[in-house]
Structures are given as structure tokens and as C-alpha cells.
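Asks: Sequence order for the protein chains is A and B.
Residues in the first sequence are numbered from 5 upward in steps of one, following this note's numbering.
Residues in the second sequence are numbered from 5 upward in steps of one, following this note's numbering.
Identical copies carry no separate label here, and so any pair may be met within one copy or between two of them.
Pairs of lysine to any residue, SDA-like flavour, derived with a Cα cap of 25 Å:
id, residue 1, residue 2
1, 257, 179
2, 306, 30
3, 98, 132
4, 109, 190
5, 109, 63
Source of the hints: derived by calculation from the structure; they are not laboratory data.
Number of protein chains: 2
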Amino acid sequence: MLIERIARAVSPRLPQVPRRVRLSIGDDAAILRPSPGRELVLTCDAFLENAHFLADVHPPESVGYKALARATSDLAAMGARPLCFLLTLALPRKRTGRWLDAFLKGMSRAARRLRVALIGGDTALHSTVAIDITVLGEIRAGGAITRAGARPGDVVYVSGSLGRAQLGLELVLRGLATPGARRWRPLLQSHLYPEPRLALGVMLARRRLASAMIDTSDGLSIDLPNLCEASRVGAELWLDRLPAVRVPAEILKRGLDPVALALHGGEDYELLFTVPRRLASLVPTSCRGVSLTAIGRIVRGKGVSLVGPEGRARVLPRAGWDHFRNASRR
Amino acid sequence: MLIERIARAVSPRLPQVPRRVRLSIGDDAAILRPSPGRELVLTCDAFLENAHFLADVHPPESVGYKALARATSDLAAMGARPLCFLLTLALPRKRTGRWLDAFLKGMSRAARRLRVALIGGDTALHSTVAIDITVLGEIRAGGAITRAGARPGDVVYVSGSLGRAQLGLELVLRGLATPGARRWRPLLQSHLYPEPRLALGVMLARRRLASAMIDTSDGLSIDLPNLCEASRVGAELWLDRLPAVRVPAEILKRGLDPVALALHGGEDYELLFTVPRRLASLVPTSCRGVSLTAIGRIVRGKGVSLVGPEGRARVLPRAGWDHFRNASRR
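Chain A with its partners taken away, still in its complex shape:
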């Protein structure tokens, strides 16, 4: 069975399965003994060939790494600490050899980095590569940060910089960079090997700083309105504060606009969170080397307005940007 091959390939390189995992791969189901006083946080995330990645373009290491990283980012967005995951993997036969080995190497790297253990899964043959991952994490009971807690007056923060992953994707799709090429490697890193902001999420939850949180998976112009809608508030976004990706001059010429990338680019997996005004002075300027930037504020009403340096506001268009990614959205 393929699942046993996966377990053999991935498990020795995985962090030790936590003691509360009482039964792992090989039986009908896995068994988990929850810690007292903790709640479980669960999410599932599909990563599909053609919809989310191109098997002939994206390196299998990246596909394996990113499938797990993006699923785990949803736990970061709750402030939870990830614990373990289940993997469903459907593959064409031609991907069961070297492609699969490289895929598992990437996934195993993500598992070590994110400290999550593989505890179960399912496999099948399929016409295209289809990956689905369920990640489980833990958090102090009542301590999760949902999307729904933002209040007028709260300050809006974002971690890191925005548009990096979309820049990488654009370079790949426009044939300006191949994933294997050295030259643009730093620009492709966020697209191929995103880093969920787990330590930041846990810190914000533990110190009870954030009133609402979401990860930037669809792009700021979709994720911020989603947070606002869940909280039944509006927001002002300060255009000149946006930590937009730095685009090299040579690539700027090709018509890639850093502000558009920052507003509409997806898959950065940064944390977008709101902090009550009275707590804003407690927010550090960075967390483990990742900058934290105030980019706006929550207001009464609906929708997100974009405030330029001249102080004039316009409505932020809720726009995705890339048809490749959008093919998977409705």
C-alpha cells in the first residue's frame, strides 16, 4: 500500500509523534488523546494539479512542502499550535516514482519545520495529482482568534511583506524564471516554499493582543473584506503604509506593479490581524525577524476603503488578479 510507503519515507524524518497520539498510520483510524484544558483546532485544505499548481512546472519538493504549509497556515490564523496531520494523496501512476520521492522529501521538510506529525491518510490512483490535508492543532480553551472580533477603532496589522508569492508566480508563469534557476531564486522562495507565521499566531493568542485574525491566502483585497464581513465592520487601508514586495527594476519594466501585487496577490500566508487601540503600543515591530506593520484601521459600516498619501479615499476593488489561481475560486 502506498500509504505505508509514505509513512516509511516521511516518518523517520518527521518530528516524533507526540505522546498524545496513541495510534498512528496502519489501523482503521488514528487515536489522539487531547490535553486537558485545550481545544482542538481543525482545518482541511485541497492542493490540486492545474487548479493550485502545475505538476510540470512546479518542483515536486515545492508541491509537497507547500501543500502542508498552506494547510497549516490556517491554524496560525487561529493562534493555534499545530500537532499532526492526515494526508490524502491521489496520483497518476507516472508520478509514483521519482516525483513521489521528491514530493515526500518536500513534505517531510515542511513537517519538520512546522513540527507536525503524519498520523493517517489515504491514497488512490487518479488522472491528476490531488492532495488534501487535514491539520489538527491545539489551543488554550477559549483562546482562538477568530475572524469575527474586530471592532471600530482597532488597528489593522499585517506581518512580513505582501505580494511576494504572486511576484514569484508571475515570474514562473511569464517564463521569466524557472523554479530551478539560481538567478531569481530569492524571488521565487515565497511562491514555492511559503512560511506560515506560527510563532506570531501563538504569541498574539497567548498575549491576547489580536481581536481578529486571518491569513492572507487569497490576497489582501479579498482577505481583509472577509475579516470585516465576519466582524460586521468596515476598514480603512493606508496605501502608503503597505509593506509591498520589492520588485527589481529589471522586472518593474515588465509591468509588474508592487502595489497591485500587494493588494491583490495571493498565497503570501502572512497574518492579517486587528488590535484594540489601547493595546497597539504592545505590538512589537517584529516577531522572530518578521516585521509587523500597521496598515489601517477598523471603522463602522461596510467595505474597505483605500486611503492614499494625499488623504483621499476610494473603494478597494475586491479583485483577484491571476486567472491561474482564480480558476479554483467561486
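Assemble chain B onto chain A, guided by the hints.
Replies: Relative to the frame of chain A, chain B by itself:
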């Protein structure tokens, strides 16, 4: 978003989300508050077009129902009580209309019947229908029945009858019955709408009767050796005790052999379990109308031998039977 449409369509018809589910669909992740003294049991199960079902042959109600039922059967096989599930659903655009409505109707029926609540999910567009379900259940700490506890001398039991689902599949694949036709409906029921033996699993776990358990998803000739391998024992299977499906005379002529169906047919989702000899008298003859039959015993050594009515033993070939189902196996 499709997931919201799913939540709207399925949730009102679903059993009430248990109080320990603190956050359901609509945020980055779901939150579950575990019950004290209980362990969580988790399993994921892929149900893929062409590998596991044919979207143009199998009714969408059946696809939705069966996807959830087969995933939940893995919890029955541990003796756990199911609680909630996450659904990942990838669909071609042409399946997002009436097909999806019927699919959700079937899934909602299974959810009501199995008493599991939808708490999260993910959706995407895809070239074929790909379903992945993670089901969570609970069990008294230490109470789960694994595959690994069978000991020489234990009696092997199976619930219900064997080969029913394969008979239904054969009728459909050979064009002898269409899923909509009245005439053979009872014969197709197990293939289209399988019933996981949840009450039986819970009873066996609570009364601590079973030493090992597995559900018959791949067929007896694969599932029994799997249980034996996990327990490091062998087994004798009594051929004349096998509760094989009844095949109507009209269909017997077509070359469908009840014993072969019972030995090698998959997807019955019955429970196959072992009971220590001293407890065997406590096993009832049926549980909620489902018969329980002693079909063999556990022996020292390896492998499963088939003992005929004349007492002669031969090795049970570990054989799947149908290439349609086998396409998804390795």
C-alpha cells in the same frame, strides 16, 4: 464560495452540531472542545470519480451518501462514536448545478443517519469529481479496538452477509441493472447506500468483547489477512459458515458465484472482529437486526487457510476481484 453554499444546503438537515463544536464553517478552522476522559479517533477517506465511482453511472445521491458512509465505517471499526466531519470537494463546473444539489441531499441523509455534523471543508474546481472526508469520533480513553489484538484461539466473527455490495456493482457494470431501475433495487442497496455498523462497533467496544476489529472494505480475502498481519497471527476460515450474499437464480446463471463474492467482494462495510474463546458465548446472534456469524478462528503462524466442509484446508488467495475497484489499489 461553494463551501458556504454547501453549509447552507447541508447544515439545516444535519443533526445539531454538538455543543463541543465551538466553531464551525466560516472561519480559518473549526474548534472542538474534547470531552474529558475521551480519546479522539480520526480517519480520512478519498472517494474519486473513475477510481471509486463513475459519475455518469452512479446517482449523485449515492455518491454523496457513500462518501460519508465509507469514511465513517473506519470509526465503526474502532468502536468509536462519530461526531463530526470535514469535507473537501473538487468538482468540474458542469457538476456544480443539479448534480451538486443531489450529491448534497445524499450526503445530508448520511449525516443525519450517522449523526455526524459538517464542521469544515474546502472546495475547488477540478477536471473530475474528487471527494475527501475526514471524520472525527470519540471513544472512552483506551477503549478503541485496533487490528492488532487478535490471539490464537480467538473466534472470528463477521456481521451481516458478505458480497452484497460487489453483487450490486457487478449488476451495474454488466448492464444488468441501472441504479434507477426498480426491479433490482434491493440488490443494489448495499452497493449504493452502505450502512456502517456503528451501533455494533460501539457495543463491542463498550462490552470489551472484541480483541481486534476491521471493517470489510477491500473484501474478506484482503481484510482478514490485514487483521492477522497486524496481530501477527494466522486464521482458519470455515467455508460452510460464510454468510454469503443470496444471489437470485436468474443471476446465478450469469456466472456470479456467491462464495467468490463473499470472499473477494469489497465495500460491504461489515465488521470483522475476533473474540477471545471464553467471551464467545457472550456474543449475541444479532445486533439491531444485523446477524453476527462465527466464521473461523485465529491460529498461530501466518496466512489464512480456507477450511471446506470436508475439513480440508487450502490457502486463501489474497485476491481482489474487480478491475474497476482495483484501479485504485496498489
